[in-house]
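Number of protein chains: 2
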Amino acid sequence: MLHVVIMAGGSGTRFWPESRRVYPKQFLKLAGERSLLQGTFDRCLPLVSPEHVWVVTNAVQAEETRKQLPGIPGANVLIEPCARNTAPCIGLAAIQLLHQDPDAVMAVLPADHVIRPPEVFRDALQSASELVAANGSRLVLFGVPPNYPATGFGYIERGDAIDDAQAAWQVASFREKPDRETAEEYLRSGRFYWNCGIFVWRADRILEAIGTHEPEMHQRLQDLAQVIDSPEWDGALAEHFPQMNSISIDYAVLEREQGICVVEAPYEWDDVGSWHAMPRLIGSDDNGNTVIGRHHGIATKGCIVRTTDDHLVATLGLEGCIVVHTADATLVARTDDENAIKKLVELIGDEGDDRFL
Amino acid sequence: MLHVVIMAGGSGTRFWPESRRVYPKQFLKLAGERSLLQGTFDRCLPLVSPEHVWVVTNAVQAEETRKQLPGIPGANVLIEPCARNTAPCIGLAAIQLLHQDPDAVMAVLPADHVIRPPEVFRDALQSASELVAANGSRLVLFGVPPNYPATGFGYIERGDAIDDAQAAWQVASFREKPDRETAEEYLRSGRFYWNCGIFVWRADRILEAIGTHEPEMHQRLQDLAQVIDSPEWDGALAEHFPQMNSISIDYAVLEREQGICVVEAPYEWDDVGSWHAMPRLIGSDDNGNTVIGRHHGIATKGCIVRTTDDHLVATLGLEGCIVVHTADATLVARTDDENAIKKLVELIGDEGDDRFL
Numbered sequence: 005m006l007h008v009v010i011m012a013g014g015s016g017t018r019f020w021p022e023s024r025r026v027y028p029k030q031f032l033k034l035a036g037e038r039s040l041l042q043g044t045f046d047r048c049l050p051l052v053s054p055e056h057v058w059v060v061t062n063a064v065q066a067e068e069t070r071k072q073l074p075g076i077p078g079a080n081v082l083i084e085p086c087a088r089n090t091a092p093c094i095g096l097a098a099i100q101l102l103h104q105d106p107d108a109v110m111a112v113l114p115a116d117h118v119i120r121p122p123e124v125f126r127d128a129l130q131s132a133s134e135l136v137a138a139n140g141s142r143l144v145l146f147g148v149p150p151n152y153p154a155t156g157f158g159y160i161e162r163g164d165a166i167d168d169a170q171a172a173w174q175v176a177s178f179r180e181k182p183d184r185e186t187a188e189e190y191l192r193s194g195r196f197y198w199n200c201g202i203f204v205w206r207a208d209r210i211l212e213a214i215g216t217h218e219p220e221m222h223q224r225l226q227d228l229a230q231v232i233d234s235p236e237w238d239g240a241l242a243e244h245f246p247q248m249n250s251i252s253i254d255y256a257v258l259e260r261e262q263g264i265c266v267v268e269a270p271y272e273w274d275d276v277g278s279w280h281a282m283p284r285l286i287g288s289d290d291n292g293n294t295v296i297g298r299h300h301g302i303a304t305k306g307c308i309v310r311t312t313d314d315h316l317v318a319t320l321g322l323e324g325c326i327v328v329h330t331a332d333a334t335l336v337a338r339t340d341d342e343n344a345i346k347k348l349v350e351l352i353g354d355e356g357d358d359r360f361l
Numbered sequence: 005m006l007h008v009v010i011m012a013g014g015s016g017t018r019f020w021p022e023s024r025r026v027y028p029k030q031f032l033k034l035a036g037e038r039s040l041l042q043g044t045f046d047r048c049l050p051l052v053s054p055e056h057v058w059v060v061t062n063a064v065q066a067e068e069t070r071k072q073l074p075g076i077p078g079a080n081v082l083i084e085p086c087a088r089n090t091a092p093c094i095g096l097a098a099i100q101l102l103h104q105d106p107d108a109v110m111a112v113l114p115a116d117h118v119i120r121p122p123e124v125f126r127d128a129l130q131s132a133s134e135l136v137a138a139n140g141s142r143l144v145l146f147g148v149p150p151n152y153p154a155t156g157f158g159y160i161e162r163g164d165a166i167d168d169a170q171a172a173w174q175v176a177s178f179r180e181k182p183d184r185e186t187a188e189e190y191l192r193s194g195r196f197y198w199n200c201g202i203f204v205w206r207a208d209r210i211l212e213a214i215g216t217h218e219p220e221m222h223q224r225l226q227d228l229a230q231v232i233d234s235p236e237w238d239g240a241l242a243e244h245f246p247q248m249n250s251i252s253i254d255y256a257v258l259e260r261e262q263g264i265c266v267v268e269a270p271y272e273w274d275d276v277g278s279w280h281a282m283p284r285l286i287g288s289d290d291n292g293n294t295v296i297g298r299h300h301g302i303a304t305k306g307c308i309v310r311t312t313d314d315h316l317v318a319t320l321g322l323e324g325c326i327v328v329h330t331a332d333a334t335l336v337a338r339t340d341d342e343n344a345i346k347k348l349v350e351l352i353g354d355e356g357d358d359r360f361l
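Protein sequence lines correspond, in order, to chains G and Z.
Quick note: the first sequence, position 29, residue 33 per my numbering, numbers continuous.
Quick note: the second sequence, position 76, residue 80 per my numbering, numbers continuous.
Only chain G is shown next, with the shape it has when bound in the complex (with noise of 0.2 Å):
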């Protein structure tokens, strides 16, 4: 049976002011009246019910995600005690999902994505899980066509093609973010994918290539294991799980591990990394501008305005910036440097001003 296992414990200070630490990128309404959260649920239905919809998120973020999907079983809503990256994030689902279902394929799912349109890409979900039934020992990776030399995405190259498949390889190496001319020859190879962080396999075998890579990590899962649905298993997970190494997936088990295919993405995919995804998600007027919310603007060119609950923003001679308004705050922005918003919010925790973090 296809599950569903979605990565949302997320900090996002790029989108700050619009996200906090209690209310990360996923929770987000950036392409709609849904939130990213709501809309990476929506779109794996009806493919997948809601009962096998799993979400892995922390305990802050918790009842958020419960409100934003109501229609998943309370149980499959998961809490790390603690951030230790996706090995063990992925481990804490797979035995979860195998103690339901001893021969569930789980596919992992960013929460903060924006993916369109959802048939496609319940379509590519669907052959992903059936290049796994008919090969178990597959660990299936999605890889989407680079459309420019993007400096920011780690890359996959594809190996030999996958007989019984379409547009499925074996992955011949995985590449960290390059540098922009080793991405532009990435870019003209045609063989070079980004990874977009969406993976599909049997999570009895994910556990097994987390057995032989981690060991110690496996054992402290199959401890967990067995104490699921227990009074002992808040206790074993805060014992455990702060101890598994902090690792991604793709370290402990993919850069590590033979059979690994990557499949090409059909579907649109936007990691929506910043505010400037924005023009890209949801277009722009005839001066360049992107707005969301009440505003009037004069000279106003190539701008970013939201603003929410009726406030107006007004522009004058701006060009290239970004304007976003909370209850509590607001961001002018004007810079390329999508890391800058992060320095920023680092400068107002240094200054003492946390409760606007």
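In short, the hints are calculated from the structure, not lab data.
All clues stand as given, with none of them false.
Since the list gives no way to pick one copy over another, a pair counts as held whenever it fits inside one copy or between any two copies.
For lysine-lysine, the following BS3-like pairs were computed, each having C-alpha atoms within a straight-line distance of at most 30 Å:
(1) K181 with K33
(2) K347 with K305
(3) K305 with K346
For chain G, the structure is supplied; the task is to place chain Z on it using the hints.
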């Protein structure tokens, strides 16, 4: 007896979004803890007692005026039924003063300027009133020595010195707002002053001059004078005032009259014409930023940031911008054109968002 008449009927779109139709510039705290109106009142004390301070305003601003100046007798807040420029305004005040005090000398002060230091201003006011006491026919203006070739003010050219006073001259001519080249000539000559709209004269003398140059206005003022303190006042005011010629005291009287004197203002004067005045008024930090309220910035230079109610404004890579946050509207402007905000406010009105005006 010296009386002070504060003209406080401004609109002040240049300070939008903080200034509004019912809350114009004079009510704003732009240069400290007290509003410009309160500052204008404060700096006259103790030279003039509060019972001799009068404010001319309009119906929608009367309540806030009384609230900001609780020390002034309620009857001293005069309400114009409509805006008719400064000649009818000053005429209205003159008949009220004369009703109380046939020998009233009136100092006419705009409500929305910044003048420092107060004791120098009071000394200058005292000297001017002595000039008028020595010769009741004198109409005295303060002229501000220009320190740059401003094109936004009217100028006063001085003529012969007045024997019995220091730094006082006959007015040789009034000049409209000049072009840049002419303003530079004025500055070089040393004979020109900015007309700062501060006047000192006997109330009966200015009424007489209105009678000479605007006989119909004078007749209406005389008719009104007959009904002061009677139940007929409101009706008579509503009848006569709107029919008076809408004209400034400069055009109506000063430019047509003989014997006008200009006294060199020894005080620092600023008409606070726009947000760009803020650095002059309250200084700026090492990055050239002038900040009122809670602000954090990175790579922010030469900006004016104003926010209230502990709302955080955070800026990134911003230069030469004005950011003003209020409860229901935020302005972000990059402009040297002081009239641009006025156009923006007009646009907001045209778009039907009157509630922000």
